[in-house]
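*Asks:* If you want the building blocks of each chain, they are given just below.
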Amino acid sequence: MYAFDYHKPSSVQEAASLLASKEDATVVAGGQTLIPTLKHRLAQPTDLVDLSGVAELKGVKMDGDTLVIGAMTTHADVAADATVRSAIPALADLADGIGDAQVRNCGTIGGSVSNNDPAADYPAALLALGATVVTTNRSISADDFFTGMFDTALEPGEIVTEIRFPKPARAAYAKFPNPASRYAIVGVMVAESSGQIRVAVTGAGQDGVFRATEIEQALAGTFSADAAKAVKVSPDTMSADIHASADYRAHLVSVMASRAVAACS
Amino acid sequence: MSDDGIGASITRKEDRRFLVGRGTYTDDINRPHQTYAAFVRSPHAHAGIRGIDTSAAENAPGVLAVLTGKELADDGIGDLICGWLIHSRDGEPMKVGEYAVLAKDTVRFVGHHVAVVVAETLAEARDAAELVEVDYDVRPACVATATATADGQPQVHPEAPNNRAFDWELGDKAATDAAFENAHHVTKIDIVNNRLIPNAMEPRAAIGEYDFGTEDYTLYTTSQNPHVARLVLTAFVGIGAEHNMRVIAPDVGGGFGSKINIYPEETVCLWASKRVSRPVKWTGDRSESFMADTHGRDHVTTAELALDADGKMLGLRVHTYANIGAHLALFASVTPTYLHGTLFSGQYVLPAIYVNLEAVYTHTAPVDAYRGAGRPETSYIVERIAEAAARELGMDPAEFRRRNFIQPDQFPYQTPVALTYDSGDYPTILDRALALSDYASFPQRRAESEAKGKLRGIGLSCYIEACGIAPSAVIGSLGAGVGLWESAKIRFNATGNVLVYTGAHSHGQGHETTFAQVISSHLGIPVDHVEIVHGDTEKTPMGMGTYGSRSLAVGGSAIVKAAEKIVAKGTKIAAHLLEASEADIEFKDGAFTVAGTDRSKTIQEVAFAAYVPHNYPEDLEPGLEESAFYDPGNFTYPAGTHICEVEIDPETGVVEIVNFTAVDDFGTVINPMIVEGQVHGGIAQGVGQAMMENCVYDDDGALITGSYMDYCMPRAQDFPGFKVATTETPCPHNPLGVKGCGEAGAIAAPPAVMNAITDAIGTDMQMPATPLRVWQALQAKAPAMAAE
Amino acid sequence: MAVSVSLTVNGRSVSREVEPRSLLVEFLREDLGLTGTHVGCDTSQCGACVVHIDGKSVKACTMLAAQADGSSVLTIEGLAPNPEDLHPMQAAFRDNHGLQCGFCTPGMIMSAVDLLQHNADPSEQEVREWLEGNICRCTGYHNIVKAVLDAAGRMRGQQQAAE
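Protein chains in written order, with this note's numbering: chain H, 32 to 296; chain E, 3 to 790; chain R, -6 to 156.
Any given hint might turn out to be false.
[Claimed, not checked] Straight-line alpha carbon distances no greater than 30 Å define the calculated DSSO-like cross-link-like pairs of lysine-lysine that follow:
(1) E:K725 <-> R:K139
(2) E:K190 <-> E:K175
(3) E:K314 <-> E:K175
(4) E:K571 <-> E:K15
(5) H:K198 <-> H:K89
(6) E:K97 <-> E:K72
(7) E:K456 <-> R:K139
(8) H:K89 <-> R:K139
(9) E:K783 <-> H:K263
(10) E:K276 <-> E:K106
(11) R:K49 <-> R:K139
(12) H:K263 <-> E:K454
(13) E:K454 <-> E:K725
(14) E:K15 <-> E:K590
(15) H:K260 <-> E:K456
(16) H:K263 <-> E:K590
(17) H:K70 <-> H:K53
(18) E:K541 <-> E:K276
(19) H:K92 <-> R:K49
(20) H:K89 <-> H:K39
(21) E:K541 <-> E:K567
(22) E:K783 <-> E:K190
(23) E:K72 <-> E:K276
(24) E:K574 <-> E:K541
(25) H:K39 <-> H:K53
(26) H:K70 <-> R:K49
(27) H:K263 <-> H:K92
(28) E:K563 <-> E:K541
(29) E:K571 <-> H:K260
(30) H:K260 <-> H:K198
(31) E:K571 <-> R:K139
(32) E:K454 <-> H:K260
(33) R:K139 <-> H:K39
(34) E:K454 <-> E:K783
These aren't lab readings, by the way, just hints derived from the structure by calculation.
Construct the complete structure from the given sequences, taking the supplied hints into account.
*Replies:* What follows is the structure, encoded as structure tokens:
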């Protein structure tokens, strides 16, 4: 690790002003990706601003029919939360499958969403569920938030404060993990909200999370596992590595979508 | 009779310190005034070094020294070595390329050690290491095993034209060719034995310490063989002298072969400690382990099996390219030759065998012994081709093997590839395994899987291995630079408890318990009164260390020999104390008794008399302490049958192991619980090789699988519980009747798993059978099926 | 600029000045001499460094010492109530031969103890899944899983006896 200065603000405002005043400050929101990145000297921030002391960023609540999760809520807390489990059980299940138990005890939804790892699970949930990302500056719909691999609509100094999930009629997530890293090779979230079906795919795309519109159309016709499986997804936009070819990923998108559909019922 | 002796599943003596966090691994040790080393490593697989600018690093905070190959040369430090000289079939000695401690003018793999920074803190050392500027002349790299000898490939060492280190053969070529001419059927297979990275959970580490007062060196290191490290570092590399160096391998967190080699890092720590006049500590991080620890396997093979009309094996012909990486590491030459080629007879009567192996240099990390070391590569070929032959002949694979087995009354059995198997009963092992795995009802289970849309397969592996390396005269004639005997010293204390000093080294095997059980049975001392001392050249007699499943067969035998000397001397003392003739003294269960009487002295009383010799034989030395060295008369030959059953999801290619059965003959079992644990671990590594693990370099020699993000380590959810059992045909030539159990699982499992997977998918494929590759194999097969 | 951290480690209050880039595992091992917590990888996957922070298992290699300020840390050295005793999980690992080289053992045990805090009666499959973040190279996990199930039984027994 390169040397840096460390700050632990107790309010969002304090955090925002630290980010604004330091030369190249980075937010720590659980650190499960950031700390290994720093250890490998792949980043050299001048300052770390640790949000773990900001109480207002933690917790889960319902706002009418919208589930609101504070940015610093850990994956373990989302997985175990009765409100999440009751409103969107698929989201609790997804959180329960991120990383391992120790990562889930530290990693947060805000950190995951802001990092937008192309193989992370949460981006698929936000996109399929039509979530809204609330930041220190504004509200951004998930459709506009994820702009490419490790890239988001966040401006420098902007901090995610909460994620708002409209409660869907039904939803499920199916993940095919990378055998080595256990990140998603393909993760598919299928959700139906106010009559609209959205299918979001993580792990597979060259540009990060995306919506599988062909599968959405097929499911709009018949909401069945077979309908999803029958869709031939093009490998052209799929990423490829030693664990999965583009063809294999494209195939798995249909398979995982069909499994998510089966789990919806 | 003690109830904690041979055959008892007692809990391990060493466990407590590990359970409460009080183990002492090398990185847990800190020496007063120690400094920290960070290595500058090559980012290129092949490059010339035009120059190294160390000035910025030297001026960085906390830096004490920045050292390169030039300073090594100034101090007369020599190269690292390979300990076994192999001759090619034309009689030429193997071609040994430079194995410098720090690169001289060429780097030959990604991770190659170029310079070292020694600083006050680890962070400062690492910060400064980034400031060392190396001017590289980047060159094309030779990476792939099968094409390394082709004309036009980049050359790794000028000493080895076409990158060929040696071209070795074993067996009778003419007789084998004749067998093929007379064959009714020939089965041919191509095999890739995938390259593995050992990944002991404790990364390698070292502390070098030079004492200017005594002019002695001390090295704390993660070694499987501390005496060998001392020998190599002093006699060959040229640091100090054997009597002035102490090598301590404290608790070591797994080895699996990767901690046999003597590496640049520990060499540099020792050498630099004199340069900076302070202890120098280095602890590898996992990324460094991936890059620069010795790797394993990496063979590309074509094999052919000749069969007669009854399905009897007539001949086996094998050609292999074995990748040895950029340097010949300590055991790298013997692993793919005498530890490999000598086992091609398997468990079978196989009258003619010819094996030809070309060892090739590439611009990759050195390849050396990894759990099984040469023997897994053999059993993988033999058991894959046996299964393939049975399928081609339409025979049940179990029946096919049974038909070809060496029978129990044929021992000792001379194979056509040098070895004489001493004992075994292969049909009994097979029968036990078939029963335990419920082989007979497999068709029913397959039908049930098919009803669920799943594929099910079953595969056998009837392996043999040669352990207990090794008779020194034999290996000497084959090119070994050392003898492979083992040592033991038994010291009774006056109060009757016992210290046993062994030249073997335990890094998970449980020697502190198993060896104590041998003492318990042979001397009647309860295990709790025995302490096993290992891993310190200043405490233990010269010993050769632990690898090749040798510790009990060779080191345990040395302990028995020393115990016999203790009893012999104790008999003299007891005879004196009991006023009887030596000839009338019997020793049993820890007591010396005058035959036919109830007059006796316990061994503790005898030990006390030996140290307080007031009433003592006139012509006898006081004290009760005996040493023995044991040189084995032959290898030992553990064998077994492993049966794997898999269920495959054809939609995703995911393979689930639903059943794994292992029946092994390890001869006499000292501690069944420990032996079972060794088998479990070996199976997991074998399954890892078959289904997950794969070291991948790209065409430029960059390591793609440089961390656990890409190198797939087996985890708990990858396995079912294992069904494990043993049969016993005692080894006839060592005093314990033991054969060795540490590597069996890693040798047996890969062919069992792959035979099961290929049975399920109905087509051949190479390891590792990852979901991607299984799916691809099924896809490739699907159009062919449609065309049929 | 050094930061000061104050925390409780195995029931003892500790205050130190640390470099901001100092990891919790480095702080435990180097500053406090608690070398039972190990480092086996640099990508937060092997789990040799698992400790408990405020009762939850975390990877001490993936947390700065500064982040642990104000928390209560439990390491393998503090797991058993008395130095002479073994925690039921430690005893079960011994009795079931759930360790060989011992290097992964502290992290494995700390992780397994956390599992039983969540699920006092896990199935074999649940144990295997929970241990995803702990890599062992020696045991094939067979006896580790057996040990965790055995410990669960022992701890439920203790619980019942106490009630």
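*Asks:* All hints are to be evaluated individually against the structure, with a verdict given for each.
*Replies:* Evaluated hints:
{"no.": "1", "hint": "E:K725 <-> R:K139", "in the structure": "13 Å, holds"}
{"no.": "2", "hint": "E:K190 <-> E:K175", "in the structure": "17 Å, holds"}
{"no.": "3", "hint": "E:K314 <-> E:K175", "in the structure": "19 Å, holds"}
{"no.": "4", "hint": "E:K571 <-> E:K15", "in the structure": "28 Å, holds"}
{"no.": "5", "hint": "H:K198 <-> H:K89", "in the structure": "20 Å, holds"}
{"no.": "6", "hint": "E:K97 <-> E:K72", "in the structure": "25 Å, holds"}
{"no.": "7", "hint": "E:K456 <-> R:K139", "in the structure": "29 Å, holds"}
{"no.": "8", "hint": "H:K89 <-> R:K139", "in the structure": "37 Å, violated"}
{"no.": "9", "hint": "E:K783 <-> H:K263", "in the structure": "20 Å, holds"}
{"no.": "10", "hint": "E:K276 <-> E:K106", "in the structure": "21 Å, holds"}
{"no.": "11", "hint": "R:K49 <-> R:K139", "in the structure": "23 Å, holds"}
{"no.": "12", "hint": "H:K263 <-> E:K454", "in the structure": "23 Å, holds"}
{"no.": "13", "hint": "E:K454 <-> E:K725", "in the structure": "25 Å, holds"}
{"no.": "14", "hint": "E:K15 <-> E:K590", "in the structure": "24 Å, holds"}
{"no.": "15", "hint": "H:K260 <-> E:K456", "in the structure": "17 Å, holds"}
{"no.": "16", "hint": "H:K263 <-> E:K590", "in the structure": "78 Å, violated"}
{"no.": "17", "hint": "H:K70 <-> H:K53", "in the structure": "21 Å, holds"}
{"no.": "18", "hint": "E:K541 <-> E:K276", "in the structure": "24 Å, holds"}
{"no.": "19", "hint": "H:K92 <-> R:K49", "in the structure": "23 Å, holds"}
{"no.": "20", "hint": "H:K89 <-> H:K39", "in the structure": "15 Å, holds"}
{"no.": "21", "hint": "E:K541 <-> E:K567", "in the structure": "20 Å, holds"}
{"no.": "22", "hint": "E:K783 <-> E:K190", "in the structure": "19 Å, holds"}
{"no.": "23", "hint": "E:K72 <-> E:K276", "in the structure": "16 Å, holds"}
{"no.": "24", "hint": "E:K574 <-> E:K541", "in the structure": "28 Å, holds"}
{"no.": "25", "hint": "H:K39 <-> H:K53", "in the structure": "14 Å, holds"}
{"no.": "26", "hint": "H:K70 <-> R:K49", "in the structure": "23 Å, holds"}
{"no.": "27", "hint": "H:K263 <-> H:K92", "in the structure": "39 Å, violated"}
{"no.": "28", "hint": "E:K563 <-> E:K541", "in the structure": "19 Å, holds"}
{"no.": "29", "hint": "E:K571 <-> H:K260", "in the structure": "80 Å, violated"}
{"no.": "30", "hint": "H:K260 <-> H:K198", "in the structure": "26 Å, holds"}
{"no.": "31", "hint": "E:K571 <-> R:K139", "in the structure": "46 Å, violated"}
{"no.": "32", "hint": "E:K454 <-> H:K260", "in the structure": "17 Å, holds"}
{"no.": "33", "hint": "R:K139 <-> H:K39", "in the structure": "42 Å, violated"}
{"no.": "34", "hint": "E:K454 <-> E:K783", "in the structure": "21 Å, holds"}
Hints 8, 16, 27, 29, 31 and 33 from the earlier list are contradicted by this structure; the remaining hints agree with it.
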